[in-house]
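Peer 1: So in this note's numbering, spot 53 of the sequence shown is number 53, and the numbers just go up one at a time.
In short, the hints are calculated from the structure, not lab data.
Hints are not guaranteed to be accurate.
[What the hints assert, rightly or not] Okay, the calculated beta carbon distance ranges per label pair: (1) 79 to 55: 32 to 38 Å; (2) 14 to 113: 48 to 54 Å; (3) 2 to 25: 32 to 38 Å; (4) 28 to 69: 24 to 30 Å; (5) 55 to 4: 29 to 35 Å; (6) 3 to 57: 31 to 37 Å; (7) 9 to 101: 35 to 41 Å; (8) 75 to 23: 19 to 25 Å; (9) 101 to 65: 50 to 56 Å; (10) 112 to 1: 36 to 42 Å; (11) 25 to 115: 53 to 59 Å.
Because the structure is a prediction, the values reported are computed rather than measured.
Heads up, the beta-carbon is just placed ideally off N, CA and C, and yes, glycines get one too.
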Amino acid sequence: MQTWMTILLVVQIMTALAIIVLVLLQHGKGADVGVSFGGGASAGSLFGASGSANFLSRSTAVLATTFFLCTIALAYLANTRAHAPAGEPGAGVLERPLPAPVQPGLPAAPAPGQIPGAVPQPATPAGGGAAIPTN
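With the hints as constraints, model all of the structure from the sequences given.
Peer 2: The following block contains the structure:
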(Lines of atoms letter the chains of each structure in order from A and count residues from 1; the text may use other names and numbers.)
(Lines give C-alpha, C1' and ligand atoms only; values in the text may rest on other atoms or scores of the structure.)
Protein backbone atom coordinates (compact mmCIF):
# COMPACT_ATOMS: atom_id res chain seq x y z
CA MET A 1 0.00 0.00 0.00
CA GLN A 2 2.86 2.38 0.81
CA THR A 3 4.35 1.74 -2.65
CA TRP A 4 1.10 2.80 -4.35
CA MET A 5 0.94 5.97 -2.29
CA THR A 6 4.51 6.83 -3.25
CA ILE A 7 3.84 6.20 -6.94
CA LEU A 8 0.65 8.27 -6.85
CA LEU A 9 2.41 11.12 -5.06
CA VAL A 10 5.18 11.19 -7.66
CA VAL A 11 2.66 11.13 -10.52
CA GLN A 12 0.62 13.88 -8.87
CA ILE A 13 3.65 16.14 -8.39
CA MET A 14 4.83 15.57 -11.96
CA THR A 15 1.38 16.33 -13.40
CA ALA A 16 1.10 19.46 -11.25
CA LEU A 17 4.43 20.74 -12.57
CA ALA A 18 3.45 19.88 -16.15
CA ILE A 19 0.12 21.72 -15.76
CA ILE A 20 1.97 24.79 -14.52
CA VAL A 21 4.29 24.72 -17.53
CA LEU A 22 1.45 24.17 -20.01
CA VAL A 23 -0.65 26.98 -18.55
CA LEU A 24 2.30 29.35 -18.77
CA LEU A 25 2.92 28.35 -22.40
CA GLN A 26 -0.63 29.06 -23.51
CA HIS A 27 -1.60 32.40 -24.98
CA GLY A 28 -4.35 34.43 -23.38
CA LYS A 29 -7.42 35.80 -25.13
CA GLY A 30 -5.64 39.09 -25.92
CA ALA A 31 -2.61 37.42 -27.50
CA ASP A 32 -4.06 37.75 -31.01
CA VAL A 33 -2.48 41.17 -31.47
CA GLY A 34 0.95 39.81 -30.53
CA VAL A 35 0.61 36.96 -32.98
CA SER A 36 -0.15 39.39 -35.83
CA PHE A 37 3.26 41.04 -35.28
CA GLY A 38 5.11 37.72 -35.56
CA GLY A 39 4.99 36.57 -31.94
CA GLY A 40 3.41 33.20 -32.71
CA ALA A 41 5.40 32.24 -35.80
CA SER A 42 7.28 29.40 -34.13
CA ALA A 43 4.16 27.71 -32.79
CA GLY A 44 2.26 28.23 -36.03
CA SER A 45 4.91 26.51 -38.12
CA LEU A 46 4.83 23.33 -36.06
CA PHE A 47 1.11 22.87 -35.35
CA GLY A 48 -0.53 24.98 -38.05
CA ALA A 49 -2.56 28.16 -37.61
CA SER A 50 -4.47 27.18 -34.45
CA GLY A 51 -2.96 23.75 -33.81
CA SER A 52 -0.79 24.79 -30.88
CA ALA A 53 -3.76 26.20 -28.97
CA ASN A 54 -5.72 22.97 -29.45
CA PHE A 55 -2.74 20.80 -28.56
CA LEU A 56 -1.88 22.77 -25.41
CA SER A 57 -5.48 22.97 -24.20
CA ARG A 58 -6.07 19.24 -24.78
CA SER A 59 -2.80 18.36 -23.05
CA THR A 60 -3.78 20.55 -20.10
CA ALA A 61 -7.18 18.83 -19.90
CA VAL A 62 -5.57 15.36 -19.92
CA LEU A 63 -3.07 16.36 -17.22
CA ALA A 64 -5.79 17.95 -15.10
CA THR A 65 -7.85 14.76 -15.32
CA THR A 66 -4.79 12.72 -14.30
CA PHE A 67 -4.15 15.09 -11.39
CA PHE A 68 -7.72 14.77 -10.08
CA LEU A 69 -7.71 10.98 -10.45
CA CYS A 70 -4.48 10.79 -8.47
CA THR A 71 -6.00 13.05 -5.81
CA ILE A 72 -9.06 10.81 -5.49
CA ALA A 73 -6.89 7.68 -5.34
CA LEU A 74 -4.66 9.21 -2.65
CA ALA A 75 -7.71 10.19 -0.60
CA TYR A 76 -9.08 6.65 -0.89
CA LEU A 77 -5.77 5.07 0.13
CA ALA A 78 -5.39 7.44 3.07
CA ASN A 79 -8.93 6.62 4.23
CA THR A 80 -8.41 2.84 4.04
CA ARG A 81 -5.05 3.20 5.78
CA ALA A 82 -6.67 5.12 8.65
CA HIS A 83 -9.21 2.33 9.18
CA ALA A 84 -6.66 -0.52 9.27
CA PRO A 85 -7.07 -3.01 12.15
CA ALA A 86 -5.22 -2.16 15.38
CA GLY A 87 -1.66 -3.42 15.55
CA GLU A 88 -1.07 -3.34 11.78
CA PRO A 89 1.49 -0.95 10.28
CA GLY A 90 -1.24 1.14 8.62
CA ALA A 91 -3.22 1.70 11.81
CA GLY A 92 -3.76 5.24 13.03
CA VAL A 93 -2.00 6.74 16.02
CA LEU A 94 -4.93 6.18 18.37
CA GLU A 95 -5.37 2.58 17.28
CA ARG A 96 -1.76 1.49 17.81
CA PRO A 97 -0.96 -0.55 20.92
CA LEU A 98 0.57 1.27 23.89
CA PRO A 99 4.36 1.15 24.30
CA ALA A 100 5.90 -1.17 26.90
CA PRO A 101 6.15 0.25 30.45
CA VAL A 102 9.45 1.73 31.64
CA GLN A 103 11.83 -0.95 32.94
CA PRO A 104 13.16 -0.71 36.51
CA GLY A 105 16.66 0.69 36.80
CA LEU A 106 16.16 3.33 34.14
CA PRO A 107 15.91 6.97 35.23
CA ALA A 108 12.36 8.14 35.70
CA ALA A 109 10.92 10.97 33.68
CA PRO A 110 11.13 14.40 35.37
CA ALA A 111 8.05 15.76 37.09
CA PRO A 112 6.02 18.36 35.21
CA GLY A 113 7.68 21.75 35.40
CA GLN A 114 11.16 20.34 36.12
CA ILE A 115 14.08 20.65 33.78
CA PRO A 116 15.84 17.33 33.12
CA GLY A 117 19.34 17.30 34.63
CA ALA A 118 18.80 20.51 36.65
CA VAL A 119 20.50 20.88 40.02
CA PRO A 120 17.96 21.12 42.87
CA GLN A 121 17.76 24.60 44.45
CA PRO A 122 17.67 25.16 48.22
CA ALA A 123 14.33 26.12 49.71
CA THR A 124 13.59 29.78 50.47
CA PRO A 125 13.59 30.89 54.13
CA ALA A 126 10.37 30.88 56.10
CA GLY A 127 10.16 34.66 56.05
CA GLY A 128 9.47 34.57 52.33
CA GLY A 129 12.39 36.85 51.51
CA ALA A 130 15.20 35.98 49.21
CA ALA A 131 18.02 33.93 50.63
CA ILE A 132 21.25 35.93 51.14
CA PRO A 133 24.34 33.86 50.56
CA THR A 134 26.90 33.89 53.32
CA ASN A 135 30.58 33.61 52.58
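Peer 1: Does the Cβ pair residue 75, residue 23 satisfy 19 to 25 Å?
Peer 2: 24 Å, holds
Peer 1: Between residue 3 and residue 57, does the C-beta distance stay in 31 to 37 Å?
Peer 2: At 34 Å between Cβs, range holds.
Peer 1: With respect to the beta-carbon atoms only, verify the hint that residue 28 and residue 69 lie 24 to 30 Å apart.
Peer 2: Hint holds: Cβ distance 28 Å, inside 24 to 30 Å.
Peer 1: Does the Cβ-Cβ separation between residue 112 and residue 1 fall within 36 to 42 Å?
Peer 2: Between residue 112 and residue 1, where Cβ atoms are some 39 Å apart, the hint holds.
Peer 1: When you take the CB atoms of residue 79 and residue 55, is the distance between them in 32 to 38 Å?
Peer 2: 37 Å, holds
Peer 1: Taking 53 to 59 Å as the stated bounds, is the beta-carbon spacing between residue 25 and residue 115 within them?
Peer 2: 58 Å, holds
Peer 1: Regarding residue 2 and residue 25, is the given constraint of 32 to 38 Å on their beta-carbon distance met?
Peer 2: 35 Å, holds
Peer 1: I want to verify a distance hint. Is the separation of the beta carbons of residue 14 and residue 113 within 48 to 54 Å?
Peer 2: Because 50 Å falls inside the window, the suggested range holds.
Peer 1: For the range 50 to 56 Å, tell me whether the beta carbons of residue 101 and residue 65 fit it or not.
Peer 2: 52 Å, holds
Peer 1: Within 35 to 41 Å: is that where the Cβ-Cβ distance between residue 9 and residue 101 falls?
Peer 2: Holds - the Cβ-Cβ distance for residue 9 and residue 101, about 37 Å, lies within 35 to 41 Å.
Peer 1: Is 29 to 35 Å a correct range for the gap between the Cβ atoms of residue 55 and residue 4?
Peer 2: At 31 Å between Cβs, range holds.
Checked against the numbered hints given earlier, the structure satisfies every one of them.
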